[in-house]
Amino acid sequence: MTGLRDAPAHVTARYEMVVGLEVHVQLRTKTKAFCSCDATYGAPPNVNTCPVCLALPGALPALNREAVHLAMRAAHALGCTVNPVSVFARKNYFYPDLPKGYQISQYDRPLALAGRLEIGDGDAARTVGITRVHMEEDAGKSIHDRYPGATAIDLNRAGVPLIEIVSEPDMRSSADAVAYLTALKQILEYIDVSDVNMEEGSLRVDANVSARPHGATALGTKTEVKNMNSFSGVQRALEAEFERQCTLLERGERVHQQTMLWDGSRNEVRPARSKEASHDYRYFPEPDLPPLVLDPQWIDAVRRELPELPRARRERFAREYGLAAADVGVLTSTPALADYFEAAAKAHGDAKAAANWVMGEVLAALHISNESIQHFRVAPAPLARLLDLVRDGVVSHSAAKRVFAVMAETGEPPERVAEREGLVQVRDADELTRWVDEVLAEHPAEADRFRAGEKKLLGVLVGLVMKKSKGRADPRRVNQLVSERAGG
Amino acid sequence: MTEPTAVEAVTASFARMEAVRAGADGLNCVLWSDRERALAQARAVDARAERAPLAGYPVAVKDNIATLDLPTTCGSRILEGYVSPYEATVVSRLRAAGSVVLCKTNCDEFAMGSSNENSAYGPVRNPLDPCRVPGGSSGGSAAAVAAGIARIALGSETGGSVRQPAAFCGVVGVKPTYGRVSRFGLVAFASSLDQVGVLGRTVDDAALGMEVIAGRDPYDSTSADCPVPRYREGAIRSMRGLTIGRPAEYFPASLDPRVTALCDRALDAFRALGAQVRDISLPHTDLAIPVYYIVAPAEASSNLARFDGVRYGLRVMGDDGLRAMYERTRSRGFGPEVTRRVLLGTYVLSAGYYDAYYKKAQEVRACITDDFRRAFASGVDVIFTPTTPSPAFELGAKSDPYEMYLNDIFTCTANLSGVPGISLPIGHVDHLPIGGQLLARHFDEAGMFAAAYALERALGEDARR
Amino acid sequence: MAVTRDDVAHVAGLARLAISDERMTELVEQLNAILGHMDVLQQVDTRHVETTAQEGNESLPLRPDAGPRFEMQRTLEQMAPEMRGGFFLVPRLSTHEDVSDAS
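Residue numbers (our numbering), protein chains in the order written: chain A, 1 to 488; chain B, 1001 to 1465; chain C, 2001 to 2103.
One should not assume that every hint holds.
[Stated by the list, open to error] Covered stretches of chain B, as calculated for chain A (at least 3 residues, CB under 8 Å): (1) 1077–1085; (2) 1188–1195; (3) 1220–1234; (4) 1308–1316; (5) 1342–1351.
[What the hints assert, rightly or not] What follows is a set of in silico ranges between Cβ atoms, one per label pair, in the way DEER data are often shown: (6) R2074(C) <-> G1148(B): 28 to 36 Å; (7) A125(A) <-> E2082(C): 15 to 23 Å; (8) S333(A) <-> D1069(B): 51 to 59 Å; (9) R2084(C) <-> A125(A): 50 to 58 Å; (10) I143(A) <-> D1355(B): 36 to 44 Å; (11) G149(A) <-> R1037(B): 38 to 46 Å; (12) R2074(C) <-> E1018(B): 43 to 51 Å; (13) A1356(B) <-> G149(A): 39 to 47 Å; (14) G42(A) <-> R2074(C): 19 to 27 Å; (15) R2074(C) <-> D1025(B): 26 to 34 Å.
Think of the hints as simulated: they come from the structure by calculation, not from any bench.
Where a beta carbon is used, it is the ideal one built from N, C-alpha and C, also for glycine.
Take the sequences, apply the hints, and build the full model.
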């Protein structure tokens, strides 16, 4: 049981961490991979089951077209070559949430090969190779602590379609791993193939880690690390396992190939099995499913239907809207947010203003109400109109914030809110002049001093007019008028 | 002669079941039946506005095919009492055509066997001689037809399990082309070999059954999208100009000369109808049994992994956790032959052995398929062979597992290659029926049936019981 | 290739079968005899053979991403050896079995 405190820095500094990641992603189809049961998350236990996903005697799989479609889209987005012919295989092992006693997966001939993912930007950009993307089905869930002495099995998830994305061992640090996962998750969100939510289990990560002395070309013995439930968990788990391996190597001992489990509450990795031999999955081609032969035209159509990917979108935002890299990063963090910003920017015309408002007021409101941009009550068009009102001087900037707050609550259009709340700026010359004249009359001493040359009293006088107007006067006009009417 | 109503047919079948003692105290070919429910279903069929094509054909169904209401045990303890919540596509199609499910018939456990001596519910006896086996694994279905309980029965084939018992019992048995009939609801033994087959008293009965059940099923991804012809129209097809292949490998020197003589008589009958007989070779035939006994157990070991006591069927608890439950359940639930094949299958798939065994066997299998393709491409229309080398043997006579496996020697090539085959009675040896087999091209069941109709007619009544 | 007692024990473990000592001896013999007959396959030259799927479907047919799900005529409770609260229950896994391979 090794923790982060065990290996001193000078030891780990002598070794290089080599990391490969296997990421399982649930595809957001309506129905499961091999049967027409509902694939959505959160139903009461075992309601989404049928003879096929229960593995009743005599049941057979029938592959979901949309699962193939989404898997192909992911393969294309990761720069892979899609194989026109791929073959399903059985991976045989016993586990209570694996009803058939085998998982339908792909082995020798997967859906796609040879892709890549870029992590980092500019000078820090690196490429991580993607070995393969293949299709498989999910298992059910085993819950160990619900009933004493028993494990509870829920098969709602059994048969949900997954893709497994296997990277080359190209990462060299836990930071690389997190950058890879962040970029991967973002791409998958952009192409809308999955919810990619680690908490809900639609994104799962297993890592392969080894250590070798700096400069060595041969790879060290790798271990598999599982049970990481967040990106930060991945980071800490990799660090812990690397430390453990470095400690062993430093002592002249060998690293044994085994599976390690991350224990987030104790901050340590421990072996998954005390002594048992590793699994013999006895893979063989799935006889219930003929080879998947894909029409090259379909493969190509799916590639052409790819939306703008995150990197391309970031570059375009910087170019088209003249925004700084940091701002671009925030605005493109999810495709929904990026779409929102673009719609507002195009409708309003001033991208920088739109960017400030989206990054400021919009994100703040979402943060407080803990909702997503897709459900936000202020749509891009009304936001754009609010920005128009500010630009045209119909409401002041600070009044606009109050209007926005009401819009976020009620979903009403900005014009109506401004009107009703009395936040429309008064720009009527007669009314403004009247107020200015009244203030000048009510404060003759200050007026005289201002006239005499104490320009700094302008602020005071303007403030008094603003107060008299209950904040509704257009401060710029008031400024001008005070100077004019005061004379001098 | 008018066709009976559904109620008449079902009533007669149940009366026959009693008369021949179809249950455990007699032939033991019927495992489960429910007379009242069957009659109720028959009444519903008779109440239909139009006469259903299979109203007069209630069906006996092998117990490895899922039915509603009656259990589906596959002849195993591990599924004792299991009632399927869905029915096999083939059963749905028969019932839609007006057939009533009479009963579930006994079979070798999980279809593994050639004598129906491997059932957890006791062996089946051959109605023609109760000291002898009916063949297997569809022994119960063959016996039900031979005993006159049902005109048609469903069985299943993996290595010959419909044709071989049909031959032993003196009835007709058909295995369709792989992919011709849906496997949805057929409890899997070896997925790349399994097919539902039909047994019948006559070629016409079997053809009718096959017409109804064949055809693409979206629930079975291996079922082919091939239109299903009217097989019964083959009854009138001429044999003139047909070329019949006689493969040397199925007529070895060691073959009982009386069986050879019966085959020759059948071939003479074809010649008399204007067909010609050509000697051919299917050179990889002697590799079929080794190939079969690697591929089938391998797939079976995987298909039977679902029997784990978790969601249905037998569960035997220990007090030491999940693994013990798995082991106790499966060890108690599976019989010796199933255990043997699961071990064999697991072994040939295991690390280090996959290439030498399973992969190699699949490659040799392709050679066997190629033998057939070449024969049919050379102008042969159908191939004729004996179905088995000898008639039904006595219960308990074959104790060596491999010797038992040799029963499949003439039949398993059709399963390995996927070609369709039919066995029909061609005479007797020692008063016991002998079957002759016709094999045709993939998806040419029509040609196969036509030749079978002609042979049956030509040989006449004395070839049958 | 001779099958040893250890081989059979290992394979029995993989297949979750418990074999008694007496049966073990018999099984080792039988499996060796059966596999002995398979050796003949090694003599076949299959270098140029391509294993294709069975006739029938050359390509996997695809189904639409739509329900309804397959209706069953019995409930899970009617079929299951043990259920509670809608879950299938099995004996608690021991800790070293805690992690499923389907990650």
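Exercise for the section: Check, residue by residue, whether the segment 1308–1316 of chain B contains three or more positions whose beta-carbon lies closer than 8 Å to a beta-carbon of chain A, and give the verdict. Expected result: Per the Cβ count (4), the hint holds.
Handout entry: Coverage criterion applied to the segment 1220–1234 of chain B (partner chain A; beta-carbon cut 8 Å; 3 residues)
Key = Our answer is that it holds, as 3 residues pass the Cβ test (under 8 Å) against chain A, meeting three.
Exercise for the section: Indicate whether the distance between the beta carbons of A1356(B) and G149(A) respects the range 39 to 47 Å. Expected result: Since the Cβ atoms of A1356(B) and G149(A) sit about 44 Å apart, the hinted range of 39 to 47 Å holds.
Exercise for the section: Please count how many residues of the segment 1188–1195 of chain B have a CB within 8 Å of a CB from chain A and say whether that reaches 3. Expected result: Since three or more residues must qualify, the claim that chain A covers the segment 1188–1195 of chain B holds, with 4 doing so at under 8 Å.
Practice task
With 36 to 44 Å as the target window, see if I143(A) and D1355(B) comply at their CB atoms.
Solution key: Roughly 40 Å apart at Cβ, these two residues keep to the hinted range, so it holds.
Exercise for the section: For A125(A) and E2082(C), compare the CB-CB distance with the range 15 to 23 Å and indicate the outcome. Expected result: Violated, since A125(A) and E2082(C) (Cβ atoms, about 55 Å apart) do not stay within the stated range.
Handout entry: Range hint 38 to 46 Å (beta carbons of G149(A) and R1037(B)) holds or violated
Key = The hint (38 to 46 Å, Cβ to Cβ) holds, given that G149(A) and R1037(B) are roughly 41 Å apart.
Problem - Coverage criterion applied to the segment 1342–1351 of chain B (partner chain A; beta-carbon cut 8 Å; 3 residues) - result: holds (count 4)
Exercise for the section: Go ahead and decide if the range 26 to 34 Å is satisfied by the Cβ distance of R2074(C) to D1025(B). Expected result: holds, 30 Å
Exercise for the section: Given the hint of 43 to 51 Å, check if R2074(C) and E1018(B) actually sit that far apart at their C-beta atoms. Expected result: Given a distance of about 30 Å, which is not inside 43 to 51 Å, the answer is violated.
Exercise for the section: With 50 to 58 Å as the target window, see if R2084(C) and A125(A) comply at their CB atoms. Expected result: holds, 53 Å
Problem - Within 8 Å of chain A (C-beta), three or more residues of the segment 1077–1085 of chain B - result: holds (count 4)
Checked against the numbered hints given earlier, this structure breaks hints 7, 12; the rest are met.
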